[in-house]
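Asks: Listed here are the chains, written in short residue letters.
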Amino acid sequence: MVALLDVKNFQAAYGSTKVLFGIDFAVQESGISTILGANGAGKTTALRAVCGMLNTAGSVTFDGGRIDDMATEEIVRKGIAHVPEGRGTFASLSVEDNLTLGAYIRKDRDQVTSDFERVYDYFPVLRERRLQQAGTLSGGEQQMLAIARALMLKPRLMLLDEPSFGLAPLVVQDLFGILRQVNKNEGVSMLLVEQEANLALDLADQAYLLETGKVVISGAADDIKGDDSVRQAYLGY
Amino acid sequence: MDLFVQQFVGGLATGGIYASLALALVMIHRATELINFAQGEMAMFSTYIAWTLINVGMPYWAAFFLTIIVSFAVGVLVERVVIRPVEKAPLLTIIVVFIGLLLTFNSLAGWIWTYTIKPFSSPFPDRPFGLFADITVRMHDAGAILVTLLVLILVYLFFRFTPLGLAMRGAALNPESSRLVGIRVGWMLALGWGLAAAIGSVAGMMVAPITFLDPNMMAFVLLYAFAGALLGGINSPGGAVVGGFMVGVLENMAGTYVPFIGNELKLTLALLLIIAVVIFRPSGLFGKPVVVRV
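Going down the list, the sequences are from chains A and B.
When we follow this note's numbering, the leftmost residue of the first sequence carries the number 6, and every step to the right adds one.
When we follow this note's numbering, the leftmost residue of the second sequence carries the number 67, and every step to the right adds one.
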């Protein structure tokens, strides 16, 4: 089976500081993969590098075509939506304008109108706040907005950078429930970076454990979850 | 009363020109945090293009619209060819590039059209325009106000209600997130330069019948526009427009009613205003910080 996203011997650096030392990972069509690891392991870098936001070496194949030498905006146009760390909403624009920008590259304007309803159904609170400045939303609402904006792109693959970060446990439960629904209902593949290993392993089918820029363990999420020694050594619970 | 209304309307007319140019400055500033010192010279150059078109026999309004289109293209070209290579350069480098642009356009205009002052025709008839009762203003003043208001409204509608306008605002606010929704940020910047140049060209064509046409005609206009942009708020397009109008009226009023200012010291007023704003209210009258909750 050919993976939707296939990353091989991937290296990335900030200036002269190398962060990723040749890692391999993949996301299956309609699958969810997760990259786990401690602070500074290179998780965020891996996501940003897939999106062409820093200099890389190695190969990134998406839907059968190489994307590793493409500009960020062109990679996005292939159907990859990145929900960045810190959420990256347009703070001074309204919720609705944020979502409109999410659908910027789409040509099917009629479909976009009904997609507003689709994402508002996932996140009813955004419907209530649609005219409010995005910067005035609470942390959880901003995370929802960031995911909603990514959904407006009608992506085939979503890259999620620590969606649980800084949110109350109940909100996180909700959010992961919605991600599961999106994956089930719409077949959107996901690459999830998380520190909350147990949550991520529940959601994902594939998992990669990253330690200082190298993949130390990879395999089916259930296997890793079931392996006590791995859990204690690397995941700390 | 008569004199007051005339000076007020005259102030609004030049104020509208400052407002347009201030808006052009703010547009580039919002995207790049920089003031394009060459904005005035680019407008001057556009006005010469209009003058040439009219001189070869083109009807005024045809020349007017063609000039806007050509100016837009020149603006895009300048961004792509001159600004883009130094985009990530240190601040001082970019400022030097701006000054270089200013000098280039200035000397180019002098070289092509000479430094001799030329009259520039107004599209509006040279007769008074009855405002109300027996108070009249110059037809060109009334017309220039109308034209600038139209331009400002069009620009507002474009940014507020079109997807491209929204994308341009997004690219200025948050380039990284814009790339992540697929906006080609580089092109948005170029479009911004084109739009600013097009707005500037209207300002140039409206001010030239008052100041006459010469390569240095925009130097003081740019200073007033800058004062207007600062007064209104350098990060607020609406504020810059209001600021531009205020500076125009203020300039005329001070020149008329404060004896020692007269015509000679009017420019000093702009400088004083700039310094006062920077000291007492750096964000300007309408520039407001964005509220962010984390």
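Treat the hints with care, since some could be wrong.
[Claimed, not checked] Below, a list of computed lysine to aspartate or glutamate pairs in the DMTMM-like style, where the Cα atoms sit at most 25 Å apart:
| # | chain 1 | residue 1 | chain 2 | residue 2 |
| --- | --- | --- | --- | --- |
| 1 | A | K159 | B | E153 |
| 2 | B | K154 | A | E79 |
| 3 | A | K230 | A | D179 |
| 4 | A | K83 | B | E242 |
| 5 | B | K154 | A | D74 |
[What the hints assert, rightly or not] Negatives, chain B to chain A, calculated, CB over 12 Å:
| # | residue |
| --- | --- |
| 6 | A128 |
| 7 | I160 |
| 8 | L169 |
| 9 | R204 |
| 10 | Y222 |
| 11 | L230 |
| 12 | L232 |
| 13 | L239 |
| 14 | N240 |
| 15 | S243 |
| 16 | L246 |
| 17 | G252 |
| 18 | W253 |
| 19 | K332 |
| 20 | P348 |
Derived from the structure by calculation, the hints contain no laboratory data.
Here the structure is a predicted model, which is why all the values come from computation and not from measurement.
Backbone N, C-alpha and C fix where the C-beta goes; we use that ideal spot for every residue, glycine too.
Asks: None of the hints should be skipped; say for each whether it holds.
Replies: Comparing the hints with the structure gives:
no.	hint	in the structure
1	K159/A to E153/B	violated, 32 Å
2	K154/B to E79/A	holds, 21 Å
3	K230/A to D179/A	holds, 21 Å
4	K83/A to E242/B	holds, 17 Å
5	K154/B to D74/A	holds, 20 Å
6	A128	holds, 34 Å
7	I160	holds, 22 Å
8	L169	holds, 34 Å
9	R204	holds, 40 Å
10	Y222	holds, 15 Å
11	L230	violated, 9 Å
12	L232	violated, 6 Å
13	L239	violated, 5 Å
14	N240	violated, 5 Å
15	S243	violated, 4 Å
16	L246	violated, 5 Å
17	G252	violated, 9 Å
18	W253	violated, 9 Å
19	K332	holds, 36 Å
20	P348	holds, 18 Å
Violated hints, in rising order: 1, 11, 12, 13, 14, 15, 16, 17, 18; the structure is consistent with all others.
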